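So the protein lines, in turn, are chains A and B.
Residue numbering for the first sequence follows our numbering, starting at -14 and increasing by one per position.
Residue numbering for the second sequence follows our numbering, starting at 3 and increasing by one per position.
In case anyone wonders, no lab produced these hints; they're calculated from the structure.
As the structure is a computational prediction, the values presented were derived from the model and not from experiment.
A portion of the hints provided could be inaccurate.
[As the list claims (entries may be wrong)] Here are the simulated BS3-like pairs of lysine-lysine, each with C-alpha atoms no more than 30 Å apart in a straight line: (1) B:K174 to B:K209; (2) A:K63 to B:K358; (3) B:K174 to A:K30; (4) B:K358 to A:K36; (5) B:K68 to A:K18; (6) B:K313 to A:K30; (7) A:K30 to B:K358; (8) A:K71 to B:K302; (9) B:K317 to A:K30; (10) B:K302 to A:K60; (11) B:K174 to B:K375; (12) A:K109 to B:K13; (13) B:K374 to B:K358; (14) A:K38 to B:K13; (15) B:K86 to B:K68; (16) B:K225 to A:K18; (17) B:K302 to A:K38; (18) A:K109 to A:K60; (19) B:K358 to A:K60.
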Amino acid sequence: MPDTSKLRYAETHEWVSLSGNIATVGISDHAQKEISDVVFVELPKEGRVVKQKESAMVIESVKAAFDIYAPVSGKIIKANQALSGKPDLVNRSPYEEGWLFQIECSDPKQFQSLLSEADYNNVKHHAGH
Amino acid sequence: MTVLQESETLKKTVLYDHHVSLGGKMVNFAGWLMPIYYSGIIGEHEWTRNSCGVFDVSHLGEIHVKGSGAFKFLQYRLTNDMAKLSDGKIIYSLLCDERALTIDDILIYQSAPEDYYLVVNASNIDRDFEALSRYVPDSVTLTNKSDESSCIAIQGPKAEAILEKLFGFQLKGLVYYHFMEASWKGFPVWISRSGYTGEDGFEIFSKNEHAPAIWDRLIQDGKSEGTMPAGLGARNTLRLEAGNALYGHEINESTTPFDAGLGWAVAMGKPGGFVGRDMLIKQREEGPSRRLVGFKMLDKPIARDHYPIFKNEKKIGVVTSGSFGPTAGANIGLGYVDRGSEAIGTRIEIEIHGRKVPAEVVPRPFITLKHKKG
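Build out the structure end to end from the sequences listed, making use of the hints.
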């Protein structure tokens, strides 16, 4: 199990790690279990500018389609192309190989306002929308 | 993403604690807290196709119809021909209103002459009971047995051998859409050769208090024989590949049997007529304005319920079910299209997340059915 203690989380179950002003985004282990078997990932276009809480991409599981929201604002500079061929990496390795995309943050302060892991663990069973 | 919430008001089957202890992910289905999967939908789907999946379907309703006028009553109230039944036989039928719109699709089990059990969808039990009651004569008693009955479905190529070994049942002579009474550990059960998955398989009906012992036998002792618990997620992908309509999706109170391609379950010529026949005669003369078709996506995204279907830029229909089909190896679905677009090979487009994605009308079922016919 990777060390997830430094991650921040959105209430909509995306995790974020920040390095400089580059945010890497994925979905939590809790979320991948809820979504169940991921069969298709519609990756965001690199270069697209997104606002915090805006739908950035879609994950399709056997169960349903799920919107993934940008946890911070900025420009999407990279999408995890490995997911095109192996969408199930989201299930198998949600915090490592199954990352979704990277954002060049326009406002890195947004990162600090996201949930800590402890807070996320407290709210995750009640979160959603 | 949205996380489904547990609610205290949801009903639980007598196997609820078993599902939780097996790691079942419990969700609201038609007012019942049911397992959508235990280990994963695709794994449970494939296990059912290749070995034996065990499903709790106790949320299904059972209505007992008995009395000297029971045959005549069902013959008039339902669309199919009850004269095709005999003791130990099952028939599929639709329950329609006076406008031929579908209240439910049901299975009728004939236990003895004038003695029938109706197996109905969980979401429709009360509506069905009401729709039946309005026509029931004094000579017939309707009893809702749903809250005292459990049902476990055992589906897949190993189902027959496993049931014979675990329970000592003799099943070789039991063919598709037939059932028999048996006993195990001294309590009575009904075993029908039926199911929803497109595989050979069985459904075991029992009183609630006996279901946990049957489940444990299947799951604990059956594991080494090839069983695995499977949830409603796999049941849905299996039924979709088998091309089976699901109430609330392909059929509902705005569809007629002809719309849904279920004319084979309507006996237009049976003596005495039936509720909804006049409207169906009219529809047959005019031809239905839309048809239910199967389709395959030609690009990656999955079409889901309510997504619009287009042909040549014109909206011609709507998706009623869609999923990745693990056995079909493709993203498949069912939907209604206007008449003239139902031919196999018709190129259509489905709007998914704001983008029109190409798809093609293909034959149903999406797999080869494995039912054991007589």
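How the hints compare with the structure:
1. B:K174 to B:K209: 25 Å, holds
2. A:K63 to B:K358: Judged against 30 Å, a Cα distance of about 25 Å means the pair holds.
3. B:K174 to A:K30: 57 Å, violated
4. B:K358 to A:K36: 25 Å, holds
5. B:K68 to A:K18: 46 Å, violated
6. B:K313 to A:K30: 27 Å, holds
7. A:K30 to B:K358: Holds. K30 (chain A) to K358 (chain B) sits at ~17 Å (cutoff 30 Å).
8. A:K71 to B:K302: 13 Å, holds
9. B:K317 to A:K30: 28 Å, holds
10. B:K302 to A:K60: 25 Å, holds
11. B:K174 to B:K375: 11 Å, holds
12. A:K109 to B:K13: It holds: about 24 Å lies between the C-alpha atoms, which stays within 30 Å.
13. B:K374 to B:K358: At roughly 41 Å apart (the allowed maximum being 30 Å), K358 (chain B) and K374 (chain B) break the hint.
14. A:K38 to B:K13: 35 Å, violated
15. B:K86 to B:K68: Between K86 (chain B) and K68 (chain B) the Cα gap is close to 18 Å, so the pair holds against 30 Å.
16. B:K225 to A:K18: Roughly 24 Å between the alpha carbons, so the hint for K225 (chain B) and K18 (chain A) holds.
17. B:K302 to A:K38: Holds, at roughly 25 Å.
18. A:K109 to A:K60: 27 Å, holds
19. B:K358 to A:K60: 26 Å, holds
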